[in-house]
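A.B. asks: Residues per chain, in single letters:
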Amino acid sequence: MKFEGKVWRFGENIDTDAIIAARYLVTSDPEELAAHVMEDIDPGFCEKIQSGDILVAGRNFGCGSSREHAPIAIKAAGISCIIAESFARIFFRNAFNTGLAIFESPDAARSINEGDVVSVDAATGTIHDNTTGETFGVAAIPPFMNELIDAGGLMPYVLKKPG
Amino acid sequence: MGQTITEKILAAHSGRDSVTPGELVTVKIDLALANDITAPIAIKILEEAGVESVFDPDKIALVADHFVPNKDIKSAIQTQILRRFARKHQITHFFELGEMGIEHALLPEQGMVLPGELVVGADSHTCTYGALGAFSTGMGSTDIAAAMITGEAWLKIPESIKFVYSGKLRKWVGGKDLILYTIGEIGVDGALYKAMEFTGDTITSLGMSDRMTMANMAIEAGAKNGIIAPDETTRSYVEARAKRSCTFYASDADAVYAEVKKYDVSQIEPQVAFPHLPENSRPISEAGDVRIDQAVIGSCTNGRLSDLRLAAKVLKGRTIDPHVRLIIIPATPTIYRQAMEEGLFDIFLAAKAIISPPTCGPCLGGHMGILAPGERAIATTNRNFVGRMGHPESEVYLSNPAVAAASAILGRIAGPEEL
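One line per chain: the protein sequences are W and L, in this order.
Counted the way our numbering counts, the first sequence spans residues 1 to 163.
Counted the way our numbering counts, the second sequence spans residues 164 to 582.
Among the clues, some could well be false.
[To be verified] In silico lysine-lysine, DSS-like type, Cα no more than 30 Å apart, as pairs: (1) K251(L) - K160(W); (2) K161(W) - K207(L); (3) K161(W) - K251(L); (4) K425(L) - K334(L); (5) K2(W) - K319(L); (6) K319(L) - K191(L); (7) K161(W) - K319(L); (8) K207(L) - K160(W); (9) K160(W) - K319(L); (10) K191(L) - K160(W); (11) K191(L) - K161(W); (12) K48(W) - K237(L); (13) K515(L) - K476(L).
Source of the hints: derived by calculation from the structure; they are not laboratory data.
Let's have the full structure, built from the sequences with the hints guiding it.
C.D. replies: Following this line, the structure appears as structure tokens:
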């Protein structure tokens with residue numbers, strides 16, 4: 001998997017209420033959810049995104065509720081992947097389960113500026129900031145997560161599993 | 164090498180003698196939970212995959228508590244999805260309005276979670292049941308969909324942090340204050356991916372309700388689970404509610420911890436967490452002059468009978484400030500009835516509070532008390548993120564029920580000692 005896109009930066013502890021407010025959780029329709037992504041902390045954010053753009057954030061991205069609507073909204077809004085210093089654990093699982101690519105890289109998360117164009121190569125585990133020329137490593141994905149990705153997600157994995 | 168209580172429960176559920184932090188295991192679950200926000204996605208996934216049956220209709224709980232009684236057509240459709248699925252698959256534990264309560268108050272009350280069991284739930288506050296000496300953790304809808312088919316879930320064995328609380332609690336200080344203080348100390352990611360094990364003579368002296376408040380907010384420090392070793396207090400709580408056998412696990416003396424934190428609780432005042440993170444906790448004496456428009460007493464954190472009794476103790480014979488709305492939400496129909504029979508409703512109504520049916524309601528900005536721009540609320544809930552209870556320019560301050568009640572009376576954030 002390779003991604004290239006323009007960066008939108010967010011701070012630390014971006015919670016799932018900020019990603020998609022609970023008042024919109026009366027639906028699980030990806031397009032409806034995408035229209036309100038990050039609305040309470042960056043009104044109109046959805047309008048600014050070009051398909052393939054990348055989110056960069058600080059520590060503990062996706063903390064708070066277990067709502068899978070959060071990665072669904074981000075993905076449907078056209079964000080290709082997220083780079084953060086760290087991810088909250090339920091969001092981490094949900095991102096893999098919904099097919100949203102996420103990369104843990106404290107150095108990259110601290111150095112990349114808003115508006116930079118960044119390319120990510122999941123296979124080699126490298127993040128390259130095309131704007132500044134800097135390159136960063138990515139924390140390795142647990143092998144089991146790779147099995148899930150290869151199977152096409154948790155549900156195909158579970159359904160394929162013998163027994 | 165010794166094992167922690169969390170490691171022992173996870174080992175027992177993965178068919179192993181022991182486990183080590185960092186290992187990935189597949190565990191057998193005793194219960195899978197979802198609600199009216201998270202279940203519709205899980206059900207859609209199951210239906211799209213053509214799944215015809217669930218692993219065990221007795222081991223799935225569907226609780227429509229977030230936007231119920233349904234606030235609009237869309238939320239009614241979400242509950243309808245749960246209801247239809249529950250009927251089709253003959254799900255034993257689907258709670259219709261009248262029996263429905265806030266999931267994390269309801270399941271322990273109904274004896275559906277016991278010590279030593281393993282529960283996964285599509286709700287982040289599923290970690291509440293650690294108060295009974297169970298392992299429980301929140302996940303997303305896809306994970307719960309998979310659990311509903313297989314009866315299994317995959318987990319990484321977490322490292323544990325041991326929190327030791329000792330000393331006598333001050334007046335008006337309870338489980339809520341201990342957990343807010345702790346989150347203030349370690350931060351909202353201070354226990355990221357880890358188990359928070361609450362121990363010490365102070366914890367032993369706490370009732371189940373305060374223990375549940377503490378385990379409930381483990382997620383607010385990023386933890387995978389919060390847990391308290393079961394004891395005689397736990398035994399009398401569960402024996403009154405369930406007949407099936409259960410296992411009381413305890414950590415070994417030589418269990419390995421990532422960290423041990425010790426707190427002398429006699430130094431801890433009632434806490435208030437300022438916007439917009441639960442880690443922004445301060446002692447009530449340092450709250451300053453914060454005017455409030457609303458107070459909410461309820462939620463899976465503090466909507467149990469002892470919470471309502473505490474609020475009633477403060478409100479008895481008093482009326483709230485005319486500029487404040489006080490909303491009281493008994494967490495389950497049983498709690499609602501007990502509170503009514505004990506005369507708590509008379510106290511609340513005389514104080515000019517209003518009593519809501521059981522629902523998560525305003526805690527997550529759903530309904531039953533949404534804030535306008537610029538408004539402030541003190542709430543016994545668990546999160547004070549931007550826009551959590553309504554407009555993004557509103558503010559939420561977290562506290563225990565006594566502080567919320569006292570603040571409603573005085574019109575500003577204040578402890579009961581000021582009355």
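A.B. asks: Run every hint past the structure and note whether it holds.
C.D. replies: Quick rundown of the hints versus the structure:
1. A hinted pair counts as satisfied when its Cα atoms are at most 30 Å apart, and K251(L) with K160(W) qualifies at roughly 24 Å.
2. Between K161(W) and K207(L) the alpha-carbon distance is near 21 Å, which keeps this suggested pair within the 30 Å criterion.
3. Simply put, K161(W) and K251(L) have alpha-carbon atoms about 25 Å apart, close enough for the 30 Å limit, and the pair holds.
4. A threshold of 30 Å between alpha carbons decides the hint, and for K425(L) with K334(L) the separation of about 21 Å falls inside it, so the pair holds.
5. A C-alpha spacing of about 27 Å is found between K2(W) and K319(L), which places the hinted pair at or below 30 Å, so the restraint holds.
6. Under the criterion of a C-alpha separation no larger than 30 Å, the hint pairing K319(L) with K191(L) is consistent with the structure, at around 14 Å.
7. In summary, the hint linking K161(W) to K319(L) is supported, as the alpha carbons are separated by about 19 Å, within the 30 Å threshold.
8. Of the pairs offered as hints, the one joining K207(L) and K160(W) holds, with about 19 Å between alpha carbons and a cut-off of 30 Å not exceeded.
9. About 22 Å separates the Cα atoms of K160(W) and K319(L), which keeps this hinted pair within 30 Å; it holds.
10. Using a Cα cut-off of 30 Å, the hinted pair K191(L) and K160(W) holds, with the two alpha carbons roughly 18 Å apart.
11. Under the criterion of a C-alpha separation no larger than 30 Å, the hint pairing K191(L) with K161(W) is consistent with the structure, at around 15 Å.
12. In summary, the hint linking K48(W) to K237(L) is supported, as the alpha carbons are separated by about 28 Å, within the 30 Å threshold.
13. For the hint linking K515(L) to K476(L), the alpha-carbon distance of about 15 Å falls within 30 Å, and the restraint holds.
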